[in-house]
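Colleague: Using our numbering, the letters of the sequence shown map in sequence onto residues 1 to 461.
Keep in mind that the hints were calculated from the coordinates and are not lab data. Be a bit skeptical, because a hint or two may be false.
Stated by the list, open to error - Straight-line alpha carbon distances no greater than 16 Å define the calculated EDC-like cross-link-like pairs of lysine to aspartate or glutamate that follow:
#1 K92 with D161
#2 K92 with D154
#3 K85 with E133
#4 K17 with E197
#5 K85 with E197
#6 K183 with D164
#7 K329 with D193
Unchecked claim - Computed beta-carbon distance windows for the label pairs:
#8 V195 with D345: 48 to 58 Å
#9 Q346 with R405: 14 to 24 Å
#10 T41 with A272: 28 to 38 Å
Beta carbons are placed, not taken as given, at the ideal position from N, Cα and C, and that holds for glycine.
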Amino acid sequence: MENRAIAARYTSRKMRKLEPHQTGADIVARLRNAWPGRIYTCHLKHRALVRWIVQWIWRNGYLNLVNLSAHLFLSKAKKWRSLIKLTDYVQKNETPTYKLADAMVVETPAPIVFPLCDQSVLVSPHGRYIFPEIFVTTVRGAMTYGGTNLILADNDVIRHDLFDFEHDYTSEELHGRTLIDPKSSRIRWLLHDQVPEPIPAAATFVDACASNYAHWMTEVLPRIAMFCAEDRFHGVPVVVNDGLHKNIMESLFLVVGAEREIITLPIGRALAVDELFLTSVTGYVPFDQRTAKRCGHSHGMFSPRALESLRNDMETFDQQVDDQGWPRKIFLRRNSGVRKLVNSDQLEQYMVSRGYVIIEPEKLTFLQQMQLFRNAKFIFAPTGAALSNAIFCRPGAQVAVLMARHKRMIYRYWHNMLTPIGISVGSVLGSIVENHDLGMHGDFAVDIVDVMNLLEVMENK
1 MENRAIAARY TSRKMRKLEP HQTGADIVAR LRNAWPGRIY TCHLKHRALV
51 RWIVQWIWRN GYLNLVNLSA HLFLSKAKKW RSLIKLTDYV QKNETPTYKL
101 ADAMVVETPA PIVFPLCDQS VLVSPHGRYI FPEIFVTTVR GAMTYGGTNL
151 ILADNDVIRH DLFDFEHDYT SEELHGRTLI DPKSSRIRWL LHDQVPEPIP
201 AAATFVDACA SNYAHWMTEV LPRIAMFCAE DRFHGVPVVV NDGLHKNIME
251 SLFLVVGAER EIITLPIGRA LAVDELFLTS VTGYVPFDQR TAKRCGHSHG
301 MFSPRALESL RNDMETFDQQ VDDQGWPRKI FLRRNSGVRK LVNSDQLEQY
351 MVSRGYVIIE PEKLTFLQQM QLFRNAKFIF APTGAALSNA IFCRPGAQVA
401 VLMARHKRMI YRYWHNMLTP IGISVGSVLG SIVENHDLGM HGDFAVDIVD
451 VMNLLEVMEN K
């Protein structure tokens with residue numbers, strides 16, 4: 001009851017929901033709802049060959065047809081636009097900025113891995129990197145659309161500075177909302193709102209991956225927290241995706257507070273903003289790889305300062321709630337449909353014998369999940385979005401991630417996120433044993449001996 005009372009106290013009283021147009025959905029959503037899409041989803045999608053053919057036709061056929069159509073019919077709406085980094089846009093237009101955090105060096109030491117023979121796959125290609133300065137700028141007369149963090153500004157489309165379009169494939173392309181020419185840094189905008197909603201000022205935090213809990217917690221929410229912490233931006237409305245999960249919205253309410261207006265923007269709708277506030281990137285991991293032929297794909301880059309700032313903000317709410325006796329040792333059970341740990345029952349029995357408590361995070365509110373992780377000292381879990389709550393752990397906590405070996409697995413994701421904020425991360429790699437056609441999302445098993453070995457190392461530190 002106390003958790004709900006605190007959440008209610010900080011729930012915004014100024015919610016504004018833009019209604020979608022009847023034809024506002026992207027083409028993928030419309031295809032899914034048509035009879036061919038329903039047949040594919042219900043009866044054919046589980047077949048690996050059929051799924052590969054459909055994806056190939058989509059990525060190499062439909063979007064090329066759109067490109068040809070725009071060229072032949074000279075469509076102004078779908079013309080090529082320059083795809084420009086936010087810092088380059090600021091420099092080109094001499095736009096003033098307000099610094100939130102300096103650029104900083106981020107160390108990337110090698111983590112502990114079992115079995116030991118897999119140590120090499122988690123070695124970073126660099127010993128350190130520089131995370132860029134975090135700042136806020138304003139763009140006049142810009143358009144922000146539902147379902148994307150790309151911004152239309154005259155003939156430019158603004159992207160954040162960590163996008164690498166030669167390596168990174170976007171959700172916007174997959175859903176037919178944009179067509180990107182990575183070699184020429186050009187983009188065609190394919191989903192248009194003919195009657196965008198005018199608004200004097202707003203700060204946009206819409207993101208194609210915001211509905212994913214991990215992307216929200218580590219890429220979107222830290223940006224919102226840093227923006228809202230500045231008094232100079234008090235009263236500026238915040239724009240986010242429409243239809244976000246209640247736990248995501250709870251985290252947003254806690255960060256934004258009760259007085260600031262929140263505008264939810266559905267896919268297909270746009271805001272025409274006289275003064276659009278843009279906060280630069282605080283963390284990023286690509287949605288997908290553009291091609292498997294290239295090497296050097298990002299496993300995620302995160303600003304330690306932004307994550308620490310969010311963690312400190314949330315500590316305020318944790319202190320307002322009585323200690324509910326949260327366990328110090330937890331094992332997260334993964335119940336979702338992909339990347340299942342097939343020998344989870346065996347592992348759970350062992351972990352319980354070592355004093356661990358089995359947790360199903362999806363059954364907890366956001367505030368409860370945050371409290372759980374803030375009080376945990378040792379965390380074992382299969383890789384999954386719920387593990388992003390580890391950003392709320394106190395420095396010195398230790399996290400063990402269980403994942404499958406696969407050539408496209410982003411092994412260093414959790415390590416890159418958590419190690420720079422004082423949380424130790426180890427890994428156990430296993431083998432995909434079921435649903436091989438799902439690639440790195442197939443179900444896997446780990447050797448319990450490797451789990452025992454990592455546990456001994458962690459608990460004897």
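Colleague: Please work out if K329 and D193 have their alpha carbons no farther apart than 16 Å.
Modeller: Judged against 16 Å, a Cα distance of about 50 Å means the pair is violated.
Colleague: Holds or violated: the 14 to 24 Å window for the beta-carbon distance between Q346 and R405?
Modeller: With Cβ atoms ~19 Å apart, the hint holds.
Colleague: Taking the beta carbons of V195 and D345, is their distance inside 48 to 58 Å?
Modeller: Between V195 and D345, where Cβ atoms are some 55 Å apart, the hint holds.
Colleague: Between K183 and D164, does the CA-CA distance stay at or below 16 Å?
Modeller: At roughly 11 Å apart (the allowed maximum being 16 Å), D164 and K183 satisfy the hint.
Colleague: Range hint 28 to 38 Å: satisfied by the CB atoms of T41 and A272?
Modeller: holds (35 Å)
Colleague: Given the proposed pairing of K92 with D161, does the C-alpha separation stay at or below 16 Å?
Modeller: With Cα atoms ~15 Å apart, K92 and D161 stay inside 16 Å; holds.
Colleague: Hey, K85 versus E133, does the alpha-carbon distance stay inside 16 Å?
Modeller: holds (14 Å)
Colleague: Can the restraint linking K85 and E197 be considered satisfied, given a maximum Cα separation of 16 Å?
Modeller: This hinted pair is violated, its Cα atoms lying about 25 Å apart.
Colleague: Mind checking the alpha carbons of K92 and D154 for me, to see if they're no more than 16 Å apart?
Modeller: holds (13 Å)
Colleague: Holds or violated: K17 with E197, Cα cutoff 16 Å?
Modeller: Holds, at roughly 12 Å.
Checked against the numbered hints given earlier, the structure breaks hints 5 and 7 and satisfies all the rest.
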